[in-house]
Amino acid sequence: MKETFIKDSLNIFFPQLPAWSSFIITICVILVLAAVGMFIAQYFTASRKFKSILLSELKGLYPTPSNWPENEFSIDDILREKFPTLEAAVTEFSDVLPFFAKTYFLKAWIKYYAEYGEEYGQSYHQYMPLSCPEVINYGVKSSFDTTKTYKSDFKKHLDHLLSFAKII
1 MKETFIKDSL NIFFPQLPAW SSFIITICVI LVLAAVGMFI AQYFTASRKF
51 KSILLSELKG LYPTPSNWPE NEFSIDDILR EKFPTLEAAV TEFSDVLPFF
101 AKTYFLKAWI KYYAEYGEEY GQSYHQYMPL SCPEVINYGV KSSFDTTKTY
151 KSDFKKHLDH LLSFAKII
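Note that the sequence shown covers residues 1 to 168 in this note's numbering.
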């Protein structure tokens with residue numbers, strides 16, 4: 001009964017196929033579904049591990065900055081110390097992301113550890129209370145003030161990183 005249903009269904013879409021082809025097509029569909037299922041399981045396992053490492057390494061700083069250092073400029077040293085562990089977790093997690101999400105994830109990672117989005121060096125100044133009324137950079141005048149937003153910027157960047165590790 002089931003065999004004829006599959007054969008009849010395939011004959012509707014592919015009337016010129018020989019009878020034995022339904023068996024091969026069924027096997028191919030099963031293999032594709034198994035591969036997709038394995039990818040999904042691997043993604044969820046990696047998501048849990050990535051989220052766990054990130055939360056344990058940044059405990060007291062994220063999601064609520066309850067243990068932010070009193071000398072707020074020492075956050076640079078703290079984050080540099082945690083960088084190797086976080087980088088290993090990011091690398092491992094990015095390996096299971098689909099190609100279209102991996103690029104955005106790595107950009108979010110770079111934005112977390114590099115103030116100007118340049119991947120060759122760490123800079124955590126965006127997480128310090130700094131202000132400058134006027135700065136001239138390449139002939140362009142601008143100003144900045146992070147005295148009220150540095151902790152929320154930290155949270156925003158980590159929220160974005162963790163958004164790739166959604167666990168349904």
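Hints listed in this document are in silico derivations from the structure and should not be mistaken for laboratory results.
Wrong hints could be hidden among the right ones.
Here are the computed lysine-lysine pairs in the DSS-like style, where the Cα-Cα straight-line distance is at most 27 Å [to be verified]:
id, residue 1, residue 2
1, 49, 148
2, 156, 82
3, 82, 102
4, 59, 141
5, 107, 151
6, 156, 59
7, 49, 141
8, 148, 102
9, 111, 82
10, 166, 156
11, 151, 59
12, 111, 156
13, 82, 141
14, 166, 141
15, 141, 151
16, 141, 51
17, 102, 141
18, 148, 111
If any of the earlier hints don't hold here, list their numbers in rising order. Violated hints: 1, 4, 7, 8, 13, 14, 16, 17; rest satisfied.
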